[in-house]
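Use these hints to put chain B onto chain A, whose structure you have.
One letter stands for each residue in the lines below.
There are 2 protein chains.
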Amino acid sequence: MSNKFCKVPLWECSATLSAVAMGRVPAETVITDAKLVNVCTHEICEHIDVAIHSGRIALVGDARHCIGEGTKVISADGAFISPGMLDGHIHIESSMLSAGEYARAVIPHGTSGIFYDPHEICNVMGLEGVNLMVKDAERTPLKAMLTTPSCVPAVPGFEDSGSTITSADIASEMKRDEVVGLGEMMNFPGIINSVEETHRITGETLKAGKIVTGHFSIPDTGRALNAFIASGIRCCHESTRMEDALAKMRLGMYAMFREGSAWHDLQEVSRSIRERDIDTRFAVMISDDTHPYTLCNDGHMDHIVRRAVSFGVDPITAIQMVTINCAQCFQLDHEIGSITPGKCADIVFSRDLNDFRPFRVMIDGDVVAENGEMTVSFAPYSYPESAMHTMHVGETITPETFRVPTEKQGSATVRAIEIIPARVGDYERHVTIPVKNGLLESDTEQDVLKTFVFERHHNTGKHGVGFVKGFNIKRGAMASTVAHDAHNLLVIGTNDEDMALAANTLIERGGGMVAVRDGQILGCVELPLAGLMNPMTAEEMSEKVGALSRAWEEIGCDIVSPFMTMALIPLACLPELRLTDRGLVDCTKFCFSPLEV
Amino acid sequence: MSNKFCKVPLWECSATLSAVAMGRVPAETVITDAKLVNVCTHEICEHIDVAIHSGRIALVGDARHCIGEGTKVISADGAFISPGMLDGHIHIESSMLSAGEYARAVIPHGTSGIFYDPHEICNVMGLEGVNLMVKDAERTPLKAMLTTPSCVPAVPGFEDSGSTITSADIASEMKRDEVVGLGEMMNFPGIINSVEETHRITGETLKAGKIVTGHFSIPDTGRALNAFIASGIRCCHESTRMEDALAKMRLGMYAMFREGSAWHDLQEVSRSIRERDIDTRFAVMISDDTHPYTLCNDGHMDHIVRRAVSFGVDPITAIQMVTINCAQCFQLDHEIGSITPGKCADIVFSRDLNDFRPFRVMIDGDVVAENGEMTVSFAPYSYPESAMHTMHVGETITPETFRVPTEKQGSATVRAIEIIPARVGDYERHVTIPVKNGLLESDTEQDVLKTFVFERHHNTGKHGVGFVKGFNIKRGAMASTVAHDAHNLLVIGTNDEDMALAANTLIERGGGMVAVRDGQILGCVELPLAGLMNPMTAEEMSEKVGALSRAWEEIGCDIVSPFMTMALIPLACLPELRLTDRGLVDCTKFCFSPLEV
Numbered sequence: 001m002s003n004k005f006c007k008v009p010l011w012e013c014s015a016t017l018s019a020v021a022m023g024r025v026p027a028e029t030v031i032t033d034a035k036l037v038n039v040c041t042h043e044i045c046e047h048i049d050v051a052i053h054s055g056r057i058a059l060v061g062d063a064r065h066c067i068g069e070g071t072k073v074i075s076a077d078g079a080f081i082s083p084g085m086l087d088g089h090i091h092i093e094s095s096m097l098s099a100g101e102y103a104r105a106v107i108p109h110g111t112s113g114i115f116y117d118p119h120e121i122c123n124v125m126g127l128e129g130v131n132l133m134v135k136d137a138e139r140t141p142l143k144a145m146l147t148t149p150s151c152v153p154a155v156p157g158f159e160d161s162g163s164t165i166t167s168a169d170i171a172s173e174m175k176r177d178e179v180v181g182l183g184e185m186m187n188f189p190g191i192i193n194s195v196e197e198t199h200r201i202t203g204e205t206l207k208a209g210k211i212v213t214g215h216f217s218i219p220d221t222g223r224a225l226n227a228f229i230a231s232g233i234r235c236c237h238e239s240t241r242m243e244d245a246l247a248k249m250r251l252g253m254y255a256m257f258r259e260g261s262a263w264h265d266l267q268e269v270s271r272s273i274r275e276r277d278i279d280t281r282f283a284v285m286i287s288d289d290t291h292p293y294t295l296c297n298d299g300h301m302d303h304i305v306r307r308a309v310s311f312g313v314d315p316i317t318a319i320q321m322v323t324i325n326c327a328q329c330f331q332l333d334h335e336i337g338s339i340t341p342g343k344c345a346d347i348v349f350s351r352d353l354n355d356f357r358p359f360r361v362m363i364d365g366d367v368v369a370e371n372g373e374m375t376v377s378f379a380p381y382s383y384p385e386s387a388m389h390t391m392h393v394g395e396t397i398t399p400e401t402f403r404v405p406t407e408k409q410g411s412a413t414v415r416a417i418e419i420i421p422a423r424v425g426d427y428e429r430h431v432t433i434p435v436k437n438g439l440l441e442s443d444t445e446q447d448v449l450k451t452f453v454f455e456r457h458h459n460t461g462k463h464g465v466g467f468v469k470g471f472n473i474k475r476g477a478m479a480s481t482v483a484h485d486a487h488n489l490l491v492i493g494t495n496d497e498d499m500a501l502a503a504n505t506l507i508e509r510g511g512g513m514v515a516v517r518d519g520q521i522l523g524c525v526e527l528p529l530a531g532l533m534n535p536m537t538a539e540e541m542s543e544k545v546g547a548l549s550r551a552w553e554e555i556g557c558d559i560v561s562p563f564m565t566m567a568l569i570p571l572a573c574l575p576e577l578r579l580t581d582r583g584l585v586d587c588t589k590f591c592f593s594p595l596e597v
Numbered sequence: 001m002s003n004k005f006c007k008v009p010l011w012e013c014s015a016t017l018s019a020v021a022m023g024r025v026p027a028e029t030v031i032t033d034a035k036l037v038n039v040c041t042h043e044i045c046e047h048i049d050v051a052i053h054s055g056r057i058a059l060v061g062d063a064r065h066c067i068g069e070g071t072k073v074i075s076a077d078g079a080f081i082s083p084g085m086l087d088g089h090i091h092i093e094s095s096m097l098s099a100g101e102y103a104r105a106v107i108p109h110g111t112s113g114i115f116y117d118p119h120e121i122c123n124v125m126g127l128e129g130v131n132l133m134v135k136d137a138e139r140t141p142l143k144a145m146l147t148t149p150s151c152v153p154a155v156p157g158f159e160d161s162g163s164t165i166t167s168a169d170i171a172s173e174m175k176r177d178e179v180v181g182l183g184e185m186m187n188f189p190g191i192i193n194s195v196e197e198t199h200r201i202t203g204e205t206l207k208a209g210k211i212v213t214g215h216f217s218i219p220d221t222g223r224a225l226n227a228f229i230a231s232g233i234r235c236c237h238e239s240t241r242m243e244d245a246l247a248k249m250r251l252g253m254y255a256m257f258r259e260g261s262a263w264h265d266l267q268e269v270s271r272s273i274r275e276r277d278i279d280t281r282f283a284v285m286i287s288d289d290t291h292p293y294t295l296c297n298d299g300h301m302d303h304i305v306r307r308a309v310s311f312g313v314d315p316i317t318a319i320q321m322v323t324i325n326c327a328q329c330f331q332l333d334h335e336i337g338s339i340t341p342g343k344c345a346d347i348v349f350s351r352d353l354n355d356f357r358p359f360r361v362m363i364d365g366d367v368v369a370e371n372g373e374m375t376v377s378f379a380p381y382s383y384p385e386s387a388m389h390t391m392h393v394g395e396t397i398t399p400e401t402f403r404v405p406t407e408k409q410g411s412a413t414v415r416a417i418e419i420i421p422a423r424v425g426d427y428e429r430h431v432t433i434p435v436k437n438g439l440l441e442s443d444t445e446q447d448v449l450k451t452f453v454f455e456r457h458h459n460t461g462k463h464g465v466g467f468v469k470g471f472n473i474k475r476g477a478m479a480s481t482v483a484h485d486a487h488n489l490l491v492i493g494t495n496d497e498d499m500a501l502a503a504n505t506l507i508e509r510g511g512g513m514v515a516v517r518d519g520q521i522l523g524c525v526e527l528p529l530a531g532l533m534n535p536m537t538a539e540e541m542s543e544k545v546g547a548l549s550r551a552w553e554e555i556g557c558d559i560v561s562p563f564m565t566m567a568l569i570p571l572a573c574l575p576e577l578r579l580t581d582r583g584l585v586d587c588t589k590f591c592f593s594p595l596e597v
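If you're matching them up, the sequences are chains A and B in order.
According to our numbering, the first sequence is numbered sequentially starting from 1.
According to our numbering, the second sequence is numbered sequentially starting from 1.
Bear in mind the hints are in silico, worked out from the structure with no lab data behind them.
Among the hints, a few may not be true.
No distinction is drawn between identical chains; accordingly, a pair holds when it is met within one copy or between any pair of copies.
Claimed, not checked - Simulated crosslink set (DSBU-like; lysine-lysine; CA at most 35 Å straight-line):
| # | residue 1 | residue 2 |
| --- | --- | --- |
| 1 | Lys589 | Lys72 |
| 2 | Lys135 | Lys175 |
| 3 | Lys207 | Lys35 |
| 4 | Lys408 | Lys462 |
| 5 | Lys135 | Lys207 |
| 6 | Lys462 | Lys474 |
So here's chain A without its partners, still in its complex pose (with noise of 0.2 Å):
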């Protein structure tokens, strides 16, 4: 597969390599002294030197005889030197940056490749919008590798989104050197159920030779899981119980297993390795969804790999899951994923694989980050006007366009959608809740809040309505346009006019996500690049975030990344009850659900 990520092709410069390794031409770099994380033969080697030319590496042992006039050396000095890390599954846009930015926030955390799916972006502005983050991103040292997103809209029938992809348009994207792979799969439905546009997608993926990445979520580990994996789907990130990834991986499935900030399902995921003596070349550990605060001070994969020693995974093992594993499961093992002859000079250094924290990270040969600080720049990027004005919704809000009318009297059953906080799935709950006026509405002691998605790509003015539970919300009303997949604007109050308010200034401010109370904004982090990204830095975009996490509080929410959970409630491929523009949605039988029950 591609060589778009490598500064030069192998086959361009294997014979300077070879001279470079037979001490004939010498070595741009040479690292010496180091401790060798050898995730090919899971040893540590020690007193290891590296040279490097042309961005590759050329040798890994003595390399005292690769030194030559020029020749930059750089000791370890016993330090452990580790392959760059790999993220086999990311949303850039839940980082709310843009791909610049993100590249910059995780790099001097290890990270020298991701597997990128701008589902979030596409679902906004279709592959248009791909296309600006791939120019984003390329001016970086990040490999920044795309798996083109498959599902647009996620659910067909059940939401409006701003885009649709189709079979023919996988059939040309597959064709991009930068793209490796098709963008998870998450329209399991239409792949058990044999539905053929959607094994179209995966089919024009498979026959250019290139990787379907998977989502299944639901706990099956039978027929239907079996029906997805036969479809030539690779890898799965939704594994949430140890038994789903350890039934993966017996069926030949790479097992991601996912530590996001608001998703943490590593610890009983990665049972299935700890508790089991098994060959762990399946198991994989990915993100999927980071926020800017968790990258600023947590990390990115080194902070998944230190959390994976903590549960008990052993180090090696864990630096495998994120380098070797990953590019054998993109089948890119002879490009990254190993200090080795002829692959990628991406080299992390670090001193304590109980607490793996990166303090230089390499990049094609090029030390491009040291103590936490990137020390390269890269060339400015503007993103053009029409990714930043992608507020399209088609009716004027007022308070009066939250009013729910129904004909019970008194009171009436609805269904609301309970979530479950850190983990993506919710359940479907019936409660009774007053009716006022011939109006169903929010009730803060039961902890039940009215819920609307309106569109906002083609101004349709179409909206649902619901119920959710579980935010605790007592007074004000929060709204955000990051909202899976479709990203239309989501509104959730316990009051008309604080509802209203929420969603008029995400309108104004070109998306955004935003918690007000009693006519005030207490806080908003806009989001003006296609009302999903923010092109500031991470820090400045942490230091946003947390001032909403404040206004949450201060309304009443006390759960982690509260954002990110509310974001799903739209996500009409997860169960169990969802609510999109068009309405309710039962996403385990896949109908539409009425409101009251």
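Frame of chain A; chain B shown alone:
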């Protein structure tokens, strides 16, 4: 990579497979109640069913719901099932069998796929010969995956072969679906010395996204091995010491442990994984060269698995080494190498992992062998006349041809090639032999015999002269047109009359191997197909080769497979001293050496 070797490409049948897994379409075949050797997780999973459709696996687990009218149910009755075995590096020609008869010989032993390098026929007939083997193989169920010969001639400038392969040939061959990689790059001097054309040959393969297989036969684990691997060469089967194999795996190269008919490296080389607790994913076992007697009496990869287990390799690990590890080496693990959904239904049934003897073999969902016999037949195939007449020796060979004049008197010191039984290497020895009538003669007391190599492709009349030591022949001569890699006519003998008889017998019979004594032909294996193969069955050939072996014994030679050791005498890519039609080659310095010291 390519799906040329499957019954139906996955993208054409994925919707059907998911329907089978879900129970909507009945499976074509269901295997019930098996003990699955799970090569993904290194486990035995009990009571496993496998549902099959379109030659592929639809489901692994409980398949009761996949059985419908017309489903063929095969009860495993608690037997083990493991993936069809892969031989990661094999020259079919060494079996002296045609490709079709080779397939018939190995399939009943559990081999479902081979990565073959038709290097020998290519040296004789060029790509035309390769294509004949492709055509012969493709009518069989065996997945005969082609690695295009990379080194024809083996070491340019040191021998005359029947054909030449250039980087331009490789560039065009790599476009073919049946080509999965480049055959063993044994011109390691060209690679490590950065010779442009050699790197172009590997480069064209890398550019096509295919696998470069290697041959690195010097005991170097430092700069030269690094230079070789850095050039993109992914595997090597030439390790003869445990430290070679260990170094290769540590450097991210697949170490292919060889156990051929004549070269028994496995016991020593497998120490790398038996004596160290390392990750074994880079360990593979291969046969390289197997003669018909071995195939008929010992087996193929099953025999190698049994050998590994007898040396103390864990049985599941041994099976991984001939299945998933090999598939991952060739980045074909999405198609073959494991019993998991979506993969080709290549399945081996056996009853005892400690004495691994396949009793049923399935390829692409069809039972193709039971109890050691093929259960399917395939269309006949005839090689064209041109392939059956390839002896073109440009001189009339008489006893006088074998006179070796010298200026020395009484005695002379010559360079002799000392063979090492059961190893591919040899030693350069300096031996003082008597001079009679101004001629150097064989000296049976010291076991030093005259040896000639005659160019046989283009009637050039060239021949090279040397001496060999180690065969222990007391009277008579032997000749062979199997004489790696140019496959010129090789003659060894104690006297000129028998040498002439041996040579002329093979010229008359279109090639083969012969042993003569005192003017009598004691044994002859005719190899009319390119002077390398015979379209007879393995059993017939085994008998013929057995008769020849007895003839060898009659003339005094008692080493294992002497003709295979003999055949390497001209192989100028192996250390230390070799004889080609151009003369003696010092294979450590890559220069010609004079006969006399």
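Do the hints match the structure? See the list:
When the C-alpha separation of Lys589 and Lys72 is checked against a cutoff of 35 Å, the pair qualifies only between copies, where the shortest distance is 33 Å, while the shortest distance within a copy is 61 Å. In the homo-oligomer, the alpha carbons of Lys135 and Lys175 lie at most 35 Å apart both inside one protomer (17 Å) and across protomers (31 Å), since each shortest distance falls under that limit. With identical chains, the CA atoms of Lys207 and Lys35 are at most 35 Å apart between copies only, with a shortest distance of 33 Å across copies and 41 Å within one. In this assembly of identical chains, Lys408 and Lys462 lie within 35 Å of each other by CA distance solely inside one copy; the values are 24 Å within and 105 Å between copies.
Both within a single protomer and between protomers do Lys135 and Lys207 lie at most 35 Å apart by alpha-carbon distance, with minima of 26 Å and 24 Å respectively. When the C-alpha separation of Lys462 and Lys474 is checked against a cutoff of 35 Å, the pair qualifies only within one copy, where the shortest distance is 28 Å, while the shortest distance between copies is 99 Å.
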